[in-house]
Structure formats: C-alpha cells, structure tokens
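Novice: Model the full structure from these sequences, guided by the hints.
First to last, the sequence lines map onto chains A and B.
Take 1 as the starting number for the first sequence in this note's numbering and just add one per residue.
Take 245 as the starting number for the second sequence in this note's numbering and just add one per residue.
Please keep in mind that the hints were generated in silico from the structure rather than gathered at the bench.
Every value quoted in this text rests on a predicted model; they were computed, and no experiment measured them.
Built from N, CA and C at the ideal position, the CB exists for glycine as well.
Incorrect hints may have been included.
[To be verified] Stretch by stretch, here's where chain A covers chain B in the computed footprint (C-beta under 8 Å, at least three residues): (1) 256-264; (2) 308-318; (3) 336-347.
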Amino acid sequence: MFEDKELITDDNIARVKDLLVCMEKGNEEDAIEIIDELTTIRETELYQDMGKLTRELHDAISNFGIDDSISKLAEKSIPDARERLNYVISKTDEAANQTLEAIEESIPICDNLNNQALELHDSWKKFTNRELSADEFRTLSREITEFFDNTQKLSSVKGYLTTVLLAQEYQDLTGQIIKKVITLVGEVEDKLVGLVQLTGAPQVKKETESESASLDGPPVPGIAHKDTVSGQDEVDDLLSSLGF
Amino acid sequence: MKILVVDDFSTMRRIIKNLLRDLGFNNTDEADDGLTALPMLKTGKYDLLVTDWNMPGMQGIDLLKAVRADESLQNIPVLMVTAEQKKEQIVEAAQAGVNGYIVKPFTALILKEKLEKIFARIG
Numbered sequence: 001m002f003e004d005k006e007l008i009t010d011d012n013i014a015r016v017k018d019l020l021v022c023m024e025k026g027n028e029e030d031a032i033e034i035i036d037e038l039t040t041i042r043e044t045e046l047y048q049d050m051g052k053l054t055r056e057l058h059d060a061i062s063n064f065g066i067d068d069s070i071s072k073l074a075e076k077s078i079p080d081a082r083e084r085l086n087y088v089i090s091k092t093d094e095a096a097n098q099t100l101e102a103i104e105e106s107i108p109i110c111d112n113l114n115n116q117a118l119e120l121h122d123s124w125k126k127f128t129n130r131e132l133s134a135d136e137f138r139t140l141s142r143e144i145t146e147f148f149d150n151t152q153k154l155s156s157v158k159g160y161l162t163t164v165l166l167a168q169e170y171q172d173l174t175g176q177i178i179k180k181v182i183t184l185v186g187e188v189e190d191k192l193v194g195l196v197q198l199t200g201a202p203q204v205k206k207e208t209e210s211e212s213a214s215l216d217g218p219p220v221p222g223i224a225h226k227d228t229v230s231g232q233d234e235v236d237d238l239l240s241s242l243g244f
Numbered sequence: 245m246k247i248l249v250v251d252d253f254s255t256m257r258r259i260i261k262n263l264l265r266d267l268g269f270n271n272t273d274e275a276d277d278g279l280t281a282l283p284m285l286k287t288g289k290y291d292l293l294v295t296d297w298n299m300p301g302m303q304g305i306d307l308l309k310a311v312r313a314d315e316s317l318q319n320i321p322v323l324m325v326t327a328e329q330k331k332e333q334i335v336e337a338a339q340a341g342v343n344g345y346i347v348k349p350f351t352a353l354i355l356k357e358k359l360e361k362i363f364a365r366i367g
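Specialist: Structural data, given as structure tokens:
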C-alpha cells in the first residue's frame, strides 16, 4: 500500500541523522520537532493512499449505481419476462386445444364417410354381379343419396384443417417472445458476473452437482444430461436388459 | 376395457385419449394427478392405468407404488408415459412394477406396440 522508497529519501535520511545528533546531545525540543516532521510526512502519504482508495471505491460504487440497468432488470425486466413466459404457456395451450378440438371434430366425420364408402363398395360389387334384389337396390340407391349428403361435411373438415393451420401461428409468436427472454437472461448473466468481480469474490465454481432427487423433465438438445437414455429404443433396451 | 389416463396437462390427456380411441379403446377417464387418480382406481372400474411421472400432488411413480401396494389394485397393468429419461428413473419404475415405459415425445405406433405387449403378457 505504501511505497516505501518514497520514505527513504536523502531528505529523510538527513532528518533521521539530525534526530540522532539532537538526541545524543539531549536536545529534546529539536528532536520532537524532527519526529513531528517525519510523522507528518508519513501521515500525508497515508492520507493520500486512503484518499486514492476511497475515490476508487466511490467510482466503482457510483459507476455501478449510474448503471441503473440492474435495478431496472430486477424491477421491470424480470417480472416482464415472467409475464412473457406465462403468455407463451397460454399461447401454446390455446393452440394445442384448438388443434385437438378440430381433430376431434374431424375424425368422426372421416370415420363415417370411410365406413359408408366401404359398405357402398360391397353393395356396388353385388350390384355389378347382378346379385342384388330389387329391394336391396332401392336400399342401395337410398344409401348412395345419404352418402352424397354426408360428403358435404367434408367442407367442414376443410374448415377444421384451416383452423389447425392457423393455430400454428403460436410458433412464430412464442419464438419471438422466447428470443427476447433469452437476451434478457444474457444481460442478467453479464450483470451478475460484474457484481461478482466488484465484490472480489472468487470466481464461481463450475456448476454444482444438481440434486438427483429433482426431475429433469423433457430433454433439451444442447444441454447435457447425465445417465439418460435418448429415445424409446434405448428405454426398451434398458428394460429388456433388466429382464422385461 | 376401461382405461384411466393420468397427466397434469389436459392437452396430453386429450392426445392419449384420442390415440387410444383410434386403437379401439373408447372407454377412457381422466385424472390430473395421483391424488385424484387413486380414489378413482379404487372403485375397481379400471382395467389399465396410463400415467405420467412428473405431476403436482402425487407423482406417477408414487401412484404406481400405491397401486402395487393395494391388494385390490396390485394386478392392474400400468403404462408410464413420461418425459423422464434418466436411467435410474426407468430402473426405479421397473422395480416398482411398471408394465411399460414410453418416453415423450412418442408416436401412435409406439403406444400400440406397448399396449399389445402388455395385453399379450397378461393374456
């Protein structure tokens, strides 16, 4: 902290020599004066160093304060990000439900038409083989009319498919929102690193072992998972190795 | 054949229900976690349990253990459909007596295969 070479100067050496002479002669008054002089020199250095340190600390703190993005992050951006992510959940939920609804409406229509077509096919084959009685033919002709009526429902299936198509817009919207949140997480990371450096704390140790008790959820590409399987085939292999 | 589908996400329940119906299983009920599922199972109406693992309240693995510990339910086949892919979890489920383990995302074909395997084994 103190640069001692500034203390050992020719002037100071002369002062100490004078001090020794004064003391040997018993000249207390002059000796005290020289000691006071030396003390003042020493204290001036001390104050200068303390002043320097104080200024550095002050600058560091005020730089940190001027950079109000931290408080902005905590007060605004993080709650904002939470809001955005909740919106992602509701958007994906909405899209999934719209899609499922459209599918649930469409499947019975397709099933019905399919079954009717199969029946008509059988009857038609009998008809071309001349195996159909007049009564059966009347039934067939009524069934054909019904079938044509039913095919009009295909236009509603097309409507459902369009609903499914439009529901996919969630990918665009949620993708944009998630990108923003990723940027924010990056900013928070930078600020935290700055904070760690300012406090002079030792660099954070590389990732602590995650609690094994917690559930990992869906695997995310690009994030390493220890001791996990990838895909159904590996699950099957593992289970069969256990005698399943 | 009555099936209980347990998952905390309604969309996943809906997907599984639709796939099951496609495979000819029209008689399905839903529950959103183990706590709601267990009393339903105890009515004795169900022939198969399809459950997720990670759910609030009571998790799928605990539901499986509770089913195996219950005299009236211990023989009901249990199919787990989950995003959990840790080896130790799959082993844990196997040791708890799961009859099939499907990882998400899965296909209709995988569901069909696993169900057929379960029914072939129980005859």
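Novice: Now look at each hint and say whether the structure bears it out.
Specialist: For each hint, the structure was consulted:
1. 256-264: With 3 residues closer than 8 Å to chain A, the segment 256-264 of chain B meets the three-residue bar; holds.
2. 308-318: violated (count 0)
3. 336-347: As far as the segment 336-347 of chain B goes, the hint holds, because 4 residues have Cβ atoms under 8 Å from chain A.
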